[in-house]
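Fit chain B to the known structure of chain A by using the hints.
2 protein chains.
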Amino acid sequence: MRTAMTAENTLIAEAGYTPVESPESSPEALIERLASAGRIAQRTLARMDSPAKAHALHRAAQALREAEPDVLAANALDMAAGAARGLTGAMLDRLRLDSGRLAGIADAVDAVADLPDPVGDVIDRAERPNGLQLSRVRVPIGLIGIIYESRPNVTADAAALCVRAGNAVLLRGGSEAIHSNRAILNALVKGLVEGGVPADAVQLMPTQDRAAVGAMLRATGLIDMIVPRGGKSLVARVQADARVPVLAHLDGICHTYVHAAADPEMARIVALNAKMRRTGICGAMETLLIDAAFPAAQDIVGDLLGAGCELRGDSRAQALNPAILPATDEDWDTEYLDAVLSVAVVDGLDAALDHIARHSSGHTDAIVTADNAVAERFLGEVDSAIVMVNASSQFADGGEFGLGAEIGIATGRIHARGPVALEGLTTYKWQVRGNGQTRP
Amino acid sequence: MRTAMTAENTLIAEAGYTPVESPESSPEALIERLASAGRIAQRTLARMDSPAKAHALHRAAQALREAEPDVLAANALDMAAGAARGLTGAMLDRLRLDSGRLAGIADAVDAVADLPDPVGDVIDRAERPNGLQLSRVRVPIGLIGIIYESRPNVTADAAALCVRAGNAVLLRGGSEAIHSNRAILNALVKGLVEGGVPADAVQLMPTQDRAAVGAMLRATGLIDMIVPRGGKSLVARVQADARVPVLAHLDGICHTYVHAAADPEMARIVALNAKMRRTGICGAMETLLIDAAFPAAQDIVGDLLGAGCELRGDSRAQALNPAILPATDEDWDTEYLDAVLSVAVVDGLDAALDHIARHSSGHTDAIVTADNAVAERFLGEVDSAIVMVNASSQFADGGEFGLGAEIGIATGRIHARGPVALEGLTTYKWQVRGNGQTRP
Numbered sequence: 001m002r003t004a005m006t007a008e009n010t011l012i013a014e015a016g017y018t019p020v021e022s023p024e025s026s027p028e029a030l031i032e033r034l035a036s037a038g039r040i041a042q043r044t045l046a047r048m049d050s051p052a053k054a055h056a057l058h059r060a061a062q063a064l065r066e067a068e069p070d071v072l073a074a075n076a077l078d079m080a081a082g083a084a085r086g087l088t089g090a091m092l093d094r095l096r097l098d099s100g101r102l103a104g105i106a107d108a109v110d111a112v113a114d115l116p117d118p119v120g121d122v123i124d125r126a127e128r129p130n131g132l133q134l135s136r137v138r139v140p141i142g143l144i145g146i147i148y149e150s151r152p153n154v155t156a157d158a159a160a161l162c163v164r165a166g167n168a169v170l171l172r173g174g175s176e177a178i179h180s181n182r183a184i185l186n187a188l189v190k191g192l193v194e195g196g197v198p199a200d201a202v203q204l205m206p207t208q209d210r211a212a213v214g215a216m217l218r219a220t221g222l223i224d225m226i227v228p229r230g231g232k233s234l235v236a237r238v239q240a241d242a243r244v245p246v247l248a249h250l251d252g253i254c255h256t257y258v259h260a261a262a263d264p265e266m267a268r269i270v271a272l273n274a275k276m277r278r279t280g281i282c283g284a285m286e287t288l289l290i291d292a293a294f295p296a297a298q299d300i301v302g303d304l305l306g307a308g309c310e311l312r313g314d315s316r317a318q319a320l321n322p323a324i325l326p327a328t329d330e331d332w333d334t335e336y337l338d339a340v341l342s343v344a345v346v347d348g349l350d351a352a353l354d355h356i357a358r359h360s361s362g363h364t365d366a367i368v369t370a371d372n373a374v375a376e377r378f379l380g381e382v383d384s385a386i387v388m389v390n391a392s393s394q395f396a397d398g399g400e401f402g403l404g405a406e407i408g409i410a411t412g413r414i415h416a417r418g419p420v421a422l423e424g425l426t427t428y429k430w431q432v433r434g435n436g437q438t439r440p
Numbered sequence: 001m002r003t004a005m006t007a008e009n010t011l012i013a014e015a016g017y018t019p020v021e022s023p024e025s026s027p028e029a030l031i032e033r034l035a036s037a038g039r040i041a042q043r044t045l046a047r048m049d050s051p052a053k054a055h056a057l058h059r060a061a062q063a064l065r066e067a068e069p070d071v072l073a074a075n076a077l078d079m080a081a082g083a084a085r086g087l088t089g090a091m092l093d094r095l096r097l098d099s100g101r102l103a104g105i106a107d108a109v110d111a112v113a114d115l116p117d118p119v120g121d122v123i124d125r126a127e128r129p130n131g132l133q134l135s136r137v138r139v140p141i142g143l144i145g146i147i148y149e150s151r152p153n154v155t156a157d158a159a160a161l162c163v164r165a166g167n168a169v170l171l172r173g174g175s176e177a178i179h180s181n182r183a184i185l186n187a188l189v190k191g192l193v194e195g196g197v198p199a200d201a202v203q204l205m206p207t208q209d210r211a212a213v214g215a216m217l218r219a220t221g222l223i224d225m226i227v228p229r230g231g232k233s234l235v236a237r238v239q240a241d242a243r244v245p246v247l248a249h250l251d252g253i254c255h256t257y258v259h260a261a262a263d264p265e266m267a268r269i270v271a272l273n274a275k276m277r278r279t280g281i282c283g284a285m286e287t288l289l290i291d292a293a294f295p296a297a298q299d300i301v302g303d304l305l306g307a308g309c310e311l312r313g314d315s316r317a318q319a320l321n322p323a324i325l326p327a328t329d330e331d332w333d334t335e336y337l338d339a340v341l342s343v344a345v346v347d348g349l350d351a352a353l354d355h356i357a358r359h360s361s362g363h364t365d366a367i368v369t370a371d372n373a374v375a376e377r378f379l380g381e382v383d384s385a386i387v388m389v390n391a392s393s394q395f396a397d398g399g400e401f402g403l404g405a406e407i408g409i410a411t412g413r414i415h416a417r418g419p420v421a422l423e424g425l426t427t428y429k430w431q432v433r434g435n436g437q438t439r440p
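Chains as they are written, first to last, in UniProt numbering: chain A, 1 to 440; chain B, 1 to 440.
This list has only true hints and no planted wrong ones.
Example chain B residues on the side facing chain A (calculated, C-beta under 7 Å, incomplete):
(1) Met225
(2) Ile386
(3) Gly402
(4) Thr427
The calculated label-pair distances, taken between Cβ atoms and stated as ranges, are:
(5) Gly380/B to Gly348/A: 52 to 60 Å
(6) Ala351/A to Arg125/B: 26 to 34 Å
(7) Ala90/B to Ala351/A: 51 to 59 Å
(8) Gln208/B to Ala83/A: 53 to 61 Å
(9) Ala111/B to Val340/A: 49 to 57 Å
(10) Asp98/B to Ala351/A: 47 to 55 Å
(11) Ala293/A to Pro440/B: 29 to 37 Å
(12) Asp371/B to Asp98/A: 52 to 60 Å
(13) Ser315/B to Gly196/A: 31 to 39 Å
(14) Asp98/B to Gly131/A: 32 to 40 Å
(15) Asp371/B to Gly196/A: 20 to 28 Å
These aren't lab readings, by the way, just hints derived from the structure by calculation.
For glycine and all other residues, C-beta sits at the position ideal for the given N, C-alpha and C.
Isolated chain A, as found in the complex (with noise of 0.2 Å):
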């Protein structure tokens, strides 16, 4: 194995990248040669059959695993430079490859290269009085930016998810993880070429200037769409700065309402899992409705509270234990994603609709209850990506729902909603046969 202590432009030089980063005149001259690139990649792209797209994925884990020397060499560059800059315990773990995690980044591609193609699916056809056959059929949506934070397995999974649906990809990671992103990207990149997908379908930023960022978000009829991976305020600013459409997922307050009618065991075993399981993802509960007429809320605080989550309650919450503190106006609009929650005593479910639908940030709220008329009427009218009944909201997870991976969980409500995965980085055209029909 290479050591780590390499200097950079050798690295550079070796993972075949020129150290010069772009010759362009302008960030949007920039954007404009990355982005037609990897337009004219994509027409050869769209023309590949599914089998074809997963044999190079195929190719690019294997590629993957073989450069697992290069690789780790680059990330213990950008170690040693996250150390010096005195990054955190917790980022400099996010961008931490071993062999372990790569070889789990690798399986990730093939997972992805085994999963459906919707490319070419048929959503719907008919045929007009006049004869005309219609028919709207899956298509890749084109060059999708995806714009990220510190950890490198985004470079393969945003990227194998956008070539199997048939799209190219500009990738911009963080400036800590750069080394990383360039020996993972060239990996991917041989073993796509290998596969017979054009090398600029995959492109990663030459460049970490901050201004070519804002090219690529006002890069429209260039980019089609962008996915923000990352913090919110990565999110927000993607969001405030982009005149290209954006994919993105912002808040997970998530809400779960124990009904009067909710058994009590379960609802028990759901609250407690639905906050504590792990606190730090979006699924994860961060407000607690408790309905006046559920028998055992004691219970409930005390397992949450007993697990070592801080409860922070309006007075009726408040009385149901002296540990709970209390809330702020403000809590109830906080995603802790932290061993915290905001704990409410609601009279009935139209007093938790009317919470839900003040505070939740539209990701997904849960109810429990025996009561099926109760159960469908909040499945009907809470209006979050994902509504659940008697189930822990830390299910919200495109893995979980059966999507195979995810680019990513969408809070807004254009296009997709909720997990995003293939279908979701897929648009569709309409294809019309006729036998020589004009319009009267």
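Only chain B this time, still in chain A's reference frame:
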């Protein structure tokens, strides 16, 4: 029937509007008030079932008919103001209402009321190994903003489509139609309210202040989608300034490629219809590509010249007929919307695909050929919203596609593509039914 010469303030007062335009201190505050009211109304609308929404829309259509005197009087004010401001004859014609046109508008509302309601449709279902039952169910998008120009019928058409799919709508029409729009809105709202729809579900911007349009375009989180309806400059401004997702139609640079194996008679009638049936619609052919091996090219250009179409050709096309003018580079990227056509002679399918990839606006492109393999390659490889074989591009229309109506033809690639009707005004949510599942 009331005279058209009623003073403006009297008419506005009769129509239920206060002459004060808006009490807010800023355009943002105005949009926040209107959008918040619309969103609250939409929650009620979302709970109405399909027959209830249909009933309310039929009441609205009836109320429109009953308001004929008010609407025509209001329209006469707009016509008088338009004439005084020197609007062209074509613009005045777009603005003008009469008894027949108003009946047509009311009939269109009735027709939308009878369209199948997509809300509640189950897109797909799955059961996970852990017993979770997943389904994706169509739901309204929420609050739609419509920004349009002088045709007052858009007020009723767009409102009806939005309401049918359970959406609230904020309408911003052109100042030249303001009295007509207000009178139409008033009648619609009267009928909808009789049918149980909250009045705020359909609102018309109470001011013509352009800053309020800017505030609409930036109202992320308040307005869920904006649909501009109008000329290219309106749409381009909306696309440039919007932060809210936009469903827009830009250019319709539509091609028809006459392949070597095209039936000569079919090619003649299809090409003539694609260009000359109506030259001002977005689905009109703007460029004709004739294969060098097609034997009857002179007949096609002769038909078009004979029908009064100006032809601008490359040098090989010019050789077909001395009346063909030389085309400039710009011609290949021009949407004439007039009796003008650019014509190129190409060498085979690949050259045609290449020309289309470079110059098409992605709206509608067609091929005429008797060779099935060539047709299927064209359908597969041309990356436009609508691709046609052996049919006139003038069929690019929601009504012709059996959608019953359309809010527009989308030339973007996200959310919906081509003719957009009710389905494009919905999104979906994931419903998950469990029996106490927790995530391991």
